[in-house]
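2 protein chains.
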Amino acid sequence: MQIVIPLFDRFTMLDAIGPYQVLNTLPDTEVRWLGAEAGPVQDESHTAALVADGVWEDVPHPEIVVVPGGYGSRALMTDERALGWLREAHEHSRYTTSVCTGSLWLAAAGILDGLEATSHWIELETLAQYGATPTSQRVAEQGKVITAAGVSSGIDMALRLVELLHGPEAAQATQLAIEYDPQPPFDAGSPDKAPAEIVEVVRAVMASQQEALRT
Amino acid sequence: MQIVIPLFDRFTMLDAIGPYQVLNTLPDTEVRWLGAEAGPVQDESHTAALVADGVWEDVPHPEIVVVPGGYGSRALMTDERALGWLREAHEHSRYTTSVCTGSLWLAAAGILDGLEATSHWIELETLAQYGATPTSQRVAEQGKVITAAGVSSGIDMALRLVELLHGPEAAQATQLAIEYDPQPPFDAGSPDKAPAEIVEVVRAVMASQQEALRT
Chain A
1498 MQIVIPLFDR FTMLDAIGPY QVLNTLPDTE VRWLGAEAGP VQDESHTAAL VADGVWEDVP
1558 HPEIVVVPGG YGSRALMTDE RALGWLREAH EHSRYTTSVC TGSLWLAAAG ILDGLEATSH
1618 WIELETLAQY GATPTSQRVA EQGKVITAAG VSSGIDMALR LVELLHGPEA AQATQLAIEY
1678 DPQPPFDAGS PDKAPAEIVE VVRAVMASQQ EALRT
Chain B
1498 MQIVIPLFDR FTMLDAIGPY QVLNTLPDTE VRWLGAEAGP VQDESHTAAL VADGVWEDVP
1558 HPEIVVVPGG YGSRALMTDE RALGWLREAH EHSRYTTSVC TGSLWLAAAG ILDGLEATSH
1618 WIELETLAQY GATPTSQRVA EQGKVITAAG VSSGIDMALR LVELLHGPEA AQATQLAIEY
1678 DPQPPFDAGS PDKAPAEIVE VVRAVMASQQ EALRT
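In order, the protein sequences belong to chains A and B.
FYI, the numbering for the first sequence is 1498 to 1712, going by the working numbering.
FYI, the numbering for the second sequence is 1498 to 1712, going by the working numbering.
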């Protein structure tokens, strides 16, 4: 089974690595890292780089697509090459999935039309502009299209994918192998749970970072 | 503030990227990816590679060290160069931290002598052979030495580190930015919680993988 994680300039590392660490344990599975170009692909802050071993078009029909997010996903929303590859991949895929703002790329490709979908909480409303119905579920499952919320949610999404592909025992074994027994020191991981003033700070910081990249 | 994440052949991606995604949001912080050699460093299964932008010795005295684990950490336990760099870094660090079997490297360097420490659950007993007191806490804090349990625990550890460095509001803001509101589909993330037969399967698979790499 081929799993493609398509990379692009300014993707978010954990969006890609969370699901990777889960899915790479599956038997008879090959994960491919593909980029707009082959070679190192810089993450959101240009502080870390993952190596793409080929370009998106090298695998037109993967069984599973896992699209990470990051500020860079905005540029893909009007990139005909990126939209074309994703549409073609989705047409033949067993599962088309995204983490965080990776769902904006799916939305712009028309893949989320009429579906419930999620994204980073700060971008949920953007999904509605592209014909999706935003939901604040952590993992939104609509047939073969599965979208996950912000950054860290890809781990939860991928465990659900393992359950769908190989059953609950396989998912539990994977969870145990990566010792995923989360104990965050605070209960502030969603805008419903975090103090209102912290939500506003994060909203402002993220908006200014995105603006800085745009200009 | 300089944070070094030392890479090595056959490290575990999520061990490194979990803390990175948390710590890279801090103000006035530079994360450095350093390897035994500069260039792409292959992960545990040689399926993914992160780029090291220099060698360990380029930064002898980082404020914070975050040591990832992976099957490759075994080789570092008898590597005088690796042990020497880590001892020197620890002597001057503000915090010396590890995720998963990264603690074996710390233990072999003598950094865990007489301290409570943790690791991936499958390697806890190994710590005792190197003078540490194993604990199954997810994050074990002993002054400036902080060790975390298996793979995914580095996210929890790093959030605690943000709290220590910048206070609880900063940690909550970071948690919200990465939407860390974990909702694993099962409660099987530790050997105490997973069904006994699944613990045995994972133990057998991991032992055979390690054996395969050894021979």
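Honestly, I wouldn't trust all of these hints.
One copy or two, either will do: identical chains are not told apart, so a pair holds if it fits within one copy or between any two.
Below, computed lysine to any residue pairings styled on SDA-like, alpha-carbon distance capped at 25 Å [stated by the list, open to error]:
#1 Lys1690 to Ala1625
#2 Lys1690 to Leu1661
#3 Lys1690 to Glu1560
#4 Lys1690 to Pro1537
#5 Lys1690 to Glu1577
#6 Lys1690 to Gly1640
#7 Lys1690 to Gly1536
#8 Lys1641 to Gln1707
#9 Lys1690 to Gln1680
#10 Lys1690 to Arg1578
#11 Lys1690 to Pro1679
#12 Lys1641 to Ala1693
#13 Lys1690 to Ala1572
#14 Lys1690 to Arg1591
#15 Lys1690 to Arg1635
#16 Lys1641 to Ala1704
Simulated from the structure, these hints should not be mistaken for laboratory data.
**Request:** With 25 Å as the alpha-carbon cut-off, assign the pair Lys1690 and Arg1591 to within, between, both or neither.
**Result:** neither (34 Å within a copy, 32 Å between copies)
**Copy assignment of Lys1690 with Glu1577, given that the CA separation must stay at most 25 Å** = neither (38 Å within a copy, 48 Å between copies)
**Prompt:** Are the CA atoms of Lys1690 and Pro1537 at most 25 Å apart within a copy, between copies, both, or neither?
**Reply:** neither (37 Å within a copy, 39 Å between copies)
**Request:** Give the relationship of Lys1690 and Arg1578 under a CA distance limit of 25 Å: within one copy only, between copies only, both, or neither.
**Result:** neither (39 Å within a copy, 46 Å between copies)
**Homo-oligomer pair classification [Ala1572, Lys1690; C-alpha up to 25 Å]** = Neither: 31 Å inside a copy, 43 Å across copies.
**Asked** Is it within, between, both, or neither for Lys1641 and Ala1704, if the alpha carbons may be no more than 25 Å apart?
**Response** Neither: 32 Å inside a chain and 35 Å across chains, both beyond 25 Å.
**Message:** Reference check for the pair Lys1690 and Glu1560, CA-CA at most 25 Å: within, between, both, or neither?
**Reply:** Result: close neither inside a copy nor across copies, 36 Å intra and 32 Å inter.
**Message:** Treating 25 Å as the Cα threshold, decide for Lys1690 and Gly1536: within, between, both or neither.
**Reply:** neither (40 Å within a copy, 41 Å between copies)
**Item:** Same-copy or cross-copy closeness of Lys1690 to Gly1640 [CA-CA at most 25 Å]
**Value:** The answer is neither: 29 Å in one copy and 30 Å across copies each exceed 25 Å.
**Asked** For the identical chains here, do Lys1690 and Gln1680 meet the 25 Å Cα criterion within one copy, between copies, both, or neither?
**Response** both (15 Å within a copy, 14 Å between copies)
**Request:** Could you figure out if Lys1690 and Leu1661 sit no more than 25 Å apart (CA to CA) within one copy, between two copies, both or neither?
**Result:** Classified as between; 22 Å across copies, 29 Å inside a copy.
**Asked** Quick one: Lys1690 to Arg1635, C-alpha cut-off 25 Å, is that within a copy, between copies, both, or neither?
**Response** Result: close both inside a copy and across copies, 14 Å intra and 23 Å inter.
In terms of the numbered hints stated before, the structure departs from hints 3, 4, 5, 6, 7, 8, 10, 12, 13, 14 and 16, listed from lowest to highest.
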